[in-house]
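Visitor: Build out the structure end to end from the sequences listed, making use of the hints.
Going letter by letter, the sequence shown gives residues 10 to 280 in this note's numbering.
Just so you know, the hints here were simulated from the structure itself, not pulled from any lab data. You may find that some hints are simply not true.
To be verified - Calculated cross-link-like contacts (lysine-lysine; reagent style PhoX-like; alpha-carbon spacing at most 25 Å): (1) LYS58 x LYS28; (2) LYS126 x LYS234; (3) LYS28 x LYS105; (4) LYS126 x LYS105; (5) LYS105 x LYS189.
Quick caveat: nothing in here was measured; it's all calculated off a predicted structure.
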Amino acid sequence: MKNGISMKIGVIGVGHLGKFHLKQLSEIPEISVSGFYDIDQNRVEAISKAHNISSFSSLESLLDSSDAVSVVTPTSLHYNIAIQALNAGCHVFIEKPITDNLSHAGALLNRADELKKIIQVGHIERFNPAFMALKKTAVDPRFIETHRLAPFNPRGNDVPVILDLMIHDLDIILSLIDSKIQDIRANGVKVVSQTVDIANARLEFANGCVANLTASRISQKEMRKIRLFQEDNYITIDFLEGILEEYTVCHEKIDDFAADKVVKIGTDNTK
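Guide: In structure tokens, the structure reads:
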């Protein structure tokens with residue numbers, strides 16, 4: 010913390026998501042919002058007036074006045090802004106994806122480690138109450154299926170749907186499976202933008218687990234679901250509704266005959 014005051018956090022980029030960051034940060038009593046920076050002057054004036062929060066005329070001045078920053082800019086700008094923030098002594102929160110290429114992502118993580126700064130990426134589904142409820146259950150899936158579908162929105166199509174939507178499910182799966190990926194097969198196509206709009210990926214892990222992921226941003230309806238299949242057990246999570254449901258096979262003996270039946274053992278509606 011600078012100047013011995015409670016942690017001061019600045020926001021870089023106040024477009025659609027940036028405004029949300031600004032609002033949420035303003036409601037956390039343990040911190041103070043140092044201000045925000047954006048290159049769109051009309052947007053700056055509107056946000057300053059609406060939220061009564063100071064704006065900065067340069068990125069450097071915002072960094073000098075902040076302990077940490079939220080980077081909420083187009084993906085192509087993430088690396089240059091984040092590395093500058095780290096070098097200025099700030100902790101960094103970055104909206105997903107961390108960068109648009111692997112080498113820049115690695116460089117950011119290495120630099121944060123060198124400077125002993127925290128860098129975090131906005132994979133918010135990890136904090137979805139329905140997913141957090143999964144921690145109460147023993148999970149060792151043999152097969153995973155995900156569907157993340159959304160209607161088309163011009164915002165965010167500067168990156169492929171894999172980095173826009175599927176990345177959430179990739180992050181969830183990698184947090185669940187403690188095994189190396191042995192094989193990846195994927196395909197996707199452009200439909201309405203200049204990058205891939207619909208994609209499917211199949212991941213095979215060394216422990217035998219297989220994950221099949223589908224993501225589309227040209228769907229009529231919105232869907233965010235993951236299904237986990239494991240021995241005698243099936244778990245489904247609806248991220249949109251905040252619902253976790255678990256089903257298990259109950260081995261019973263009825264009149265000297267063995268009978269298996271599926272029993273719903275829990276619904277965790279965390280909304």
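Visitor: Take the hints in turn and mark each one as holding or not.
Guide: Verification of the supplied hints:
Taken as a hint, the LYS58 and LYS28 pair is honoured in the structure, with Cα atoms around 13 Å apart against an allowance of 25 Å. Of the supplied pair hints, the one linking LYS126 and LYS234 is violated, its CA atoms being roughly 34 Å apart against a limit of 25 Å. Between the alpha carbons of LYS28 and LYS105 the distance comes to roughly 16 Å, so the proposed pair stays at or under 25 Å and holds. Only pairs whose Cα atoms come within 25 Å are accepted, and LYS126 paired with LYS105 is accepted, the gap being roughly 18 Å.
The hinted pair formed by LYS105 and LYS189 meets the criterion: a straight-line CA distance of about 23 Å does not exceed 25 Å.
Hint compliance for this structure: hint 2 is the single one not met.
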